[in-house]
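Colleague: Next come the chains, spelled out residue by residue.
Protein chains: 2
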Amino acid sequence: MSDLPLAIGIDFGGTSVKTGVLYRGNIIDEAERINTQIYEEAPPLIHRIHEVIGELRKKHPGIEAVGVGMPGFVDFPTGMVHQLTNVKGWKKIYLKRELHKLTNLPVTVENDANCMAYAEWKRGAGRGLKHLVAITLGTGVGGGIVIDGRMVRGANYAAGEVGQTSIDYTGPMGAYGNRGSLEDYIGNQQITDMAFKAYAAAGIDRLAGECSPLKLTMAALKGDEIAIRIWERVAEKLATALMNCCWLLNPEALIIGGGVAKAGDLLFGPLTKSLHSQLSDAFKDNLKILPARFGNEAGIVGAGTLALEQAGFDVDDH
Amino acid sequence: MSDLPLAIGIDFGGTSVKTGVLYRGNIIDEAERINTQIYEEAPPLIHRIHEVIGELRKKHPGIEAVGVGMPGFVDFPTGMVHQLTNVKGWKKIYLKRELHKLTNLPVTVENDANCMAYAEWKRGAGRGLKHLVAITLGTGVGGGIVIDGRMVRGANYAAGEVGQTSIDYTGPMGAYGNRGSLEDYIGNQQITDMAFKAYAAAGIDRLAGECSPLKLTMAALKGDEIAIRIWERVAEKLATALMNCCWLLNPEALIIGGGVAKAGDLLFGPLTKSLHSQLSDAFKDNLKILPARFGNEAGIVGAGTLALEQAGFDVDDH
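Chains as they are written, first to last, in the working numbering: chain A, 1 to 318; chain B, 319 to 636.
In short, the hints are calculated from the structure, not lab data. This structure is a prediction, so every number in the text was calculated from the model and none was measured. Even for Gly, the Cβ is constructed at its ideal location relative to N, Cα and C. A hint or two may mislead.
Lysine-lysine pairs mimicking BS3-like chemistry, simulated, CA-CA at most 27 Å apart [claimed, not checked]:
#1 Lys101(A) with Lys58(A)
#2 Lys273(A) with Lys284(A)
#3 Lys130(A) with Lys92(A)
#4 Lys222(A) with Lys273(A)
#5 Lys284(A) with Lys410(B)
#6 Lys606(B) with Lys92(A)
#7 Lys448(B) with Lys92(A)
#8 Lys88(A) with Lys59(A)
#9 Lys602(B) with Lys580(B)
#10 Lys130(A) with Lys410(B)
#11 Lys440(B) with Lys130(A)
#12 Lys377(B) with Lys440(B)
#13 Lys591(B) with Lys580(B)
#14 Lys602(B) with Lys88(A)
#15 Lys409(B) with Lys284(A)
#16 Lys92(A) with Lys602(B)
#17 Lys406(B) with Lys284(A)
#18 Lys406(B) with Lys419(B)
#19 Lys448(B) with Lys122(A)
#20 Lys288(A) with Lys606(B)
#21 Lys606(B) with Lys591(B)
#22 Lys419(B) with Lys409(B)
#23 Lys419(B) with Lys515(B)
#24 Lys602(B) with Lys91(A)
#25 Lys580(B) with Lys448(B)
#26 Lys602(B) with Lys448(B)
#27 Lys130(A) with Lys419(B)
So, partial list: chain B residues that the calculated Cβ filter (under 7 Å) puts toward chain A [to be verified]:
#28 His365
#29 Glu369
#30 Ala473
#31 Ala476
#32 Ala477
#33 Thr483
#34 Trp565
#35 Leu567
#36 Ser595
#37 Phe601
Produce the entire structure from the sequences given, and follow the hints as far as they go.
Modeller: Now the structure itself:
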């Protein structure tokens, strides 16, 4: 195994940092998670990440690259991360440069949704495709785009924000002043609220905790009409944003991951129907609407694989 | 001049075919227009186009390539055009192959909105940029996208349909079953209808002909509050679709052409304000919102220039 490239993938989440060792797209080892909430400044947190990398390298000598997936905007070429919600002292940190200085390994830093899209493209549902839009549905809605066999990053490396696109120009104002953003309709909390209200309107008492996407899926599978209808309403909204991606980019595949996507056919059924009813032939013929292969491991797989590619390895082979 | 490449650009419109000779992006000669409406079959129309090309080649011996911009979908690699609204017998015509056979010149066939985007990118407002979205506002709303210095064509060469993207998931059903498409709000006819109703609601009698985009611009420039407000409403809708392009693709520039864009500041003022209020810094910093350079000549310039590029000439130099 030592003659094949290993990589370290780091998934920098809101509250914890997960670090894994990748071999041909599989996580073969994972370190203890780092709790980000005990750090108020960047340097000690980066030092702790360096320690964890060191421990994994001792066990796995063949590591050739380190990839980090970050929540929020990353200046891709320099690996500079502007800020982190949960680490107050984190301001304009050149993470790529800092980690390289400490590890002497090639380091790549990328937005987490782009890592997820990259994982699906190179190792998951989108393998072998040239044009795809991948989105991840959870607390928020993230996305990543591949066109002509290349990740779309855009002028300031900020592209792929499907969750911020509008599905209603008169809709409520979102986090960035944008009206009717998809995320404001089908984030976890918004789905829960939608269900809570729908049950209340039907005279059914439910605790908010019983209206989570997971609970709704379980209820819908048992035939609960209100829960089934909630998934149809989620699908309708999701279909609008994804249809827009299709008209603009004419992708071969839409790849849908994240917790909400676990609703399976409850979501994918009405989603497919709505998409097919709103696209002309050139856009819907051969269009694949696929569940993501990866779940929580997408960040580690994507970041590590991308890091190998950036370090000059042919990741389509390994 | 004969040692520099000339090209023929053909703009295949709904009712007429315009043919011009291009030199460094300028139309230096134009042939008599061909009226498509007298043709019921493709072969005699293609024969007539061949004759016109022959006349121009006699006058300009240095022509190296022929480019054709077509209304509707084109299979870009084969230059196959599925159908034409105004030529009944036109079904699955391999126009590239047919014209090459007749002229023995390299021929390129492309969708007209992509030709317009290409003209703006290589010769117009978007010169030197790597990421842009160009749209043309008229009877319909067309678009073309450049990412990482390449035209985005997508899996079936159908990408760039900004006019078909939705700005309201509950909106009226459009030509392809798609709800709330931009084109159904801000096409020429829709703007005219919007104005007609606004005047009527204010108790002002106007003929529909007095509510055309051009008449509205003239009225607004004289201080007509209703006309000014119509342009604000058009801008709000256009801003939503273009904002979505920004969140998805993070372009350097939005280029806006076509008749409706002649409203100038009446449209660009509220459009810019709305876009800036709905995008985060990484998307709006340095974002250029530009009027197109080309008007009716965009099709000829784009088709001819693209044909030169496809024939192996460096169009950034010529």
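Colleague: Next step is simple, just say for each hint if it's right about the structure.
Modeller: Hints versus structure:
no. : hint                     : in the structure
1   : Lys101(A) with Lys58(A)  : 18 Å, holds
2   : Lys273(A) with Lys284(A) : 11 Å, holds
3   : Lys130(A) with Lys92(A)  : 33 Å, violated
4   : Lys222(A) with Lys273(A) : 22 Å, holds
5   : Lys284(A) with Lys410(B) : 19 Å, holds
6   : Lys606(B) with Lys92(A)  : 25 Å, holds
7   : Lys448(B) with Lys92(A)  : 26 Å, holds
8   : Lys88(A) with Lys59(A)   : 33 Å, violated
9   : Lys602(B) with Lys580(B) : 23 Å, holds
10  : Lys130(A) with Lys410(B) : 26 Å, holds
11  : Lys440(B) with Lys130(A) : 25 Å, holds
12  : Lys377(B) with Lys440(B) : 26 Å, holds
13  : Lys591(B) with Lys580(B) : 18 Å, holds
14  : Lys602(B) with Lys88(A)  : 25 Å, holds
15  : Lys409(B) with Lys284(A) : 21 Å, holds
16  : Lys92(A) with Lys602(B)  : 19 Å, holds
17  : Lys406(B) with Lys284(A) : 25 Å, holds
18  : Lys406(B) with Lys419(B) : 23 Å, holds
19  : Lys448(B) with Lys122(A) : 25 Å, holds
20  : Lys288(A) with Lys606(B) : 34 Å, violated
21  : Lys606(B) with Lys591(B) : 13 Å, holds
22  : Lys419(B) with Lys409(B) : 19 Å, holds
23  : Lys419(B) with Lys515(B) : 53 Å, violated
24  : Lys602(B) with Lys91(A)  : 21 Å, holds
25  : Lys580(B) with Lys448(B) : 25 Å, holds
26  : Lys602(B) with Lys448(B) : 16 Å, holds
27  : Lys130(A) with Lys419(B) : 32 Å, violated
28  : His365                   : 28 Å, violated
29  : Glu369                   : 32 Å, violated
30  : Ala473                   : 4 Å, holds
31  : Ala476                   : 4 Å, holds
32  : Ala477                   : 4 Å, holds
33  : Thr483                   : 4 Å, holds
34  : Trp565                   : 4 Å, holds
35  : Leu567                   : 5 Å, holds
36  : Ser595                   : 5 Å, holds
37  : Phe601                   : 6 Å, holds
Consistency with the previously given hints fails for numbers 3, 8, 20, 23, 27, 28 and 29, ordered from lowest to highest.
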